[in-house]
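Okay, here's what each chain looks like letter by letter:
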Amino acid sequence: MRGAFRNRIRLVLGAVVFAAFLILVRLYFVQIVDGANYAARADHQFAAGSSGLFDRGSIYFTTKDGTLISAATLSTGFLVALNPQTMTNPEAAYAAIDAVASSSLSVSHDAFVSAASDKSRVYVEVAHHLSDAAGQALAAENIPGVEVLRERWRTYPGGDLAAQSIGIVSYGSGDTLSGQTGLEAEYDSVLSRAGDTLYKNFFAELFSNVGQLLVSARAAHEGDLVTTIEPEVETRLTEDLTKVNAQYSSIGSGGIIMDPATGAIVALASFPTFDPNNLSQVNPSLLRNPLVENVYEFGSIMKPLTMASGLDAGVITPNTTYDDTGCITVDRAKICNYDFRARGITDMTLVIEHSLNVGASWIATQLGQSAFKKYFESYFGTTTGIDLPNEQRGLTGNLNTTEQVNFDNMSFGQGIAVTPVAMLRALAAIANGGVMETPHLVSGITLNSGITKQLSWPAAGPVFSANTASEVTRMLVTVYPNDAKLAMNSDPSLIYASVPVAAKTGTAQAEKPGGGYYTNVYFHSFFGFFPAYAPRFAILLYTDHPQGVTYASETLTPTFMDLVSFLMNYYDIPPDLQDVLPLPAHVPS
Amino acid sequence: MLHNPFHAFTPVSAAATFAGALFVSYVALIAFVMSLATLSVGFTQSERSDEATVATLEAQYLSDLAMITNTNYVALGYAKPATTVFVPAAAATALR
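Sequence order for the protein chains is A and B. Under my numbering, the residue at position 559 of the first sequence is numbered 559, and the numbers go up by one with no gaps. Under my numbering, the residue at position 94 of the second sequence is numbered 94, and the numbers go up by one with no gaps.
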């Protein structure tokens with residue numbers, strides 16, 4: 001009897017101890033594991049109204065020394081809301097708000113007074129993004145019917161720097177703020193902070209989702225993005241493109257600077273662009289990222305790829321010659337060199353150096369349609385896999401035709417349209433021993449736990465041999481001195497690089513909307529990398545519909561030279577006077 | 001012989017003592033949690049304010065960067081070096 005009583009007592013004691021243990025566990029999770037969430041909720045209840053404070057991870061630029069600079073972060077301040085039912089003097093309220101936050105008022109005086117007089121409403125937001133000082137000053141006035149509530153919002157310290165690639169946050173079609181474009185959209189699941197349900201049943205939460213309490217799935221993927229974009233290089237590229245666009249009244253210009261060995265994009269910019277801090281006046285078409293969403297016919301910067309294909313297939317060598325007649329007729333279509341001049345017996349290096357369309361067509365013929373298709377599909381048959389949304393595939397339908405003229409056209413960059421990032425990925429293989437890397441913007445994710453998860457970007461694979469890459473590089477190195485000389489004739493302040501530079505210009509006839517090509521409207525492009533025999537940077541530039549100028553060597557060579565000079569100084573790239581080619585005394589016409 | 005209830009160790013008294021201790025601990029923990037929560041609110045607010053301040057400074061830094069990039073040094077009277085001389089890199093042994 002006594003033993004049974006003791007057993008019951010022990011049972012009750014055990015239950016009490018177990019309950020106490022559960023409570024302690026619960027306290028541990030409330031305070032330690034979920035402490036930040038509850039603090040945020042408390043913060044929200046302390047200052048805000050019914051909606052939670054916006055929270056989102058940051059996106060960082062990375063300077064060359066590894067310092068992180070915010071590309072997208074959060075600002076904290078106050079919003080002002082009216083409660084018309086308790087408002088006594090709308091005019092006085094307007095005057096008080098206008099005095100401390102005139103620039104933040106989102107309504108006119110008349111709209112303010114009208115809203116404040118509508119007694120059927122209890123909550124009307126009239127001003128956003130007040131600074132702490134302004135918000136606290138207004139709150140201290142304690143105006144009846146005026147509520148000053150804490151607010152957080154997305155801010156982009158760099159303004160228009162890489163705006164189309166960083167992206168924006170907005171409501172989109174839903175009722176929650178989320179990334180809509182650029183990295184904000186691509187990594188939305190990493191950057192967004194899941195909404196917390198404020199009202200949970202204590203016991204239900206305690207006894208359900210035990211696994212989630214022990215191992216937080218959110219903590220495993222929420223974090224901040226660390227990009228490979230270098231802010232100073234990005235600034236330089238943006239300014240240079242802005243100048244080109246303004247100088248030639250182009251409808252758009254863009255550029256990408258990439259490390260060819262890794263695919264890490266150091267800078268990318270396009271113009272026109274927008275300021276993501278002020279979206280109210282932005283044309284929605286500007287949100288589109290032309291570097292991955294637009295396709296262009298790049299013209300002659302395609303020739304190095306044609307040359308690489310021919311060399312790799314073994315149908316030509318650098319010393320192979322052909323008889324250049326200036327123009328040829330293929331399938332009843334006439335193909336000519338840019339200057340209509342015949343060069344006679346010409347070797348392959350001169351095809352690149354003088355950018356000969358007839359020579360490129362000749363290589364395409366030697367290669368044959370099947371091999372040409374195989375190589376070009378390896379370059380452009382898939383998207384690059386860059387970590388930006390809405391990447392478009394190239395328009396490569398002509399690879400599936402049988403008319404030789406289509407292949408000849410593609411050999412010098414007409415009749416095939418690809419995105420700038422796809423073009424750079426393919427061309428950068430020349431600078432990387434024939435291996436195409438995957439272009440990317442994000443190098444790692446800093447998780448909320450503080451751990452940085454490095455992202456890996458496997459190469460797309462070799463597309464031609466390393467020997468082919470070095471032979472094409474030697475050809476491209478011969479192009480740069482002539483282009484530089486021409487540019488320096490116009491602008492003597494330009495600096496001739498003290499390292500060998502591989503480069504190629506492209507001047508494509510712009511396509512008419514209904515088909516065919518304009519004869520006097522162009523798309524200019526420029527590709528180059530340096531130091532040519534140990535490449536650090538590959539650069540692709542373009543400007544669309546430049547006015548009053550014909551050749552890309554006039555529009556983009558100065559920009560390219562400026563970027564090379566800047567990057568050499570900024571990254572302390574030592575000169576290589578032994579391999580650099582001298583400036584020519586005159587440029588062959 | 002008098003019975004001293006304080007000297008008697010029974011399961012009931014042990015349980016009561018333990019329950020009392022748990023209750024006191026629970027109240028103490030609640031107080032502790034409340035104070036920590038208050039501090040957390042303050043720290044979170046402070047952290048957010050600091051982040052916003054840093055964002056402002058970063059915006060200023062990037063703006064200055066753009067201004068420097070845009071500066072036309074020739075217009076300011078600076079001239080490009082007339083000649084550039086490169087010094088051969090010293091051998092590693094020369095640095096010792």
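Just to be clear, a hint being listed does not mean it is correct.
Here are a few chain A residues that face chain B, going by a calculated C-beta distance under 10 Å [claimed, not checked]:
#  : residue
1  : Arg10
2  : Val16
3  : Leu24
4  : Leu27
5  : Val30
6  : Val33
7  : Thr73
8  : Arg393
9  : Leu395
10 : Ile573
Stretch by stretch, here's where chain A covers chain B in the computed footprint (C-beta under 8 Å, at least three residues) [to be verified]:
#  : stretch
11 : 38-50
12 : 59-70
It is worth saying that the hints were derived from the structure and are not from the lab. Ideal placement from N, C-alpha and C gives every residue a C-beta, glycine not left out.
These are the hints, each one checked on the structure:
{"no.": "1", "hint": "Arg10", "verdict": "holds, 7 Å"}
{"no.": "2", "hint": "Val16", "verdict": "holds, 6 Å"}
{"no.": "3", "hint": "Leu24", "verdict": "holds, 8 Å"}
{"no.": "4", "hint": "Leu27", "verdict": "holds, 6 Å"}
{"no.": "5", "hint": "Val30", "verdict": "holds, 7 Å"}
{"no.": "6", "hint": "Val33", "verdict": "violated, 13 Å"}
{"no.": "7", "hint": "Thr73", "verdict": "holds, 5 Å"}
{"no.": "8", "hint": "Arg393", "verdict": "violated, 34 Å"}
{"no.": "9", "hint": "Leu395", "verdict": "violated, 36 Å"}
{"no.": "10", "hint": "Ile573", "verdict": "violated, 12 Å"}
{"no.": "11", "hint": "38-50", "verdict": "holds (count 7)"}
{"no.": "12", "hint": "59-70", "verdict": "holds (count 8)"}
Figure legend: structure checked against the earlier numbered hints; hints not met, in rising order: 6, 8, 9 and 10.
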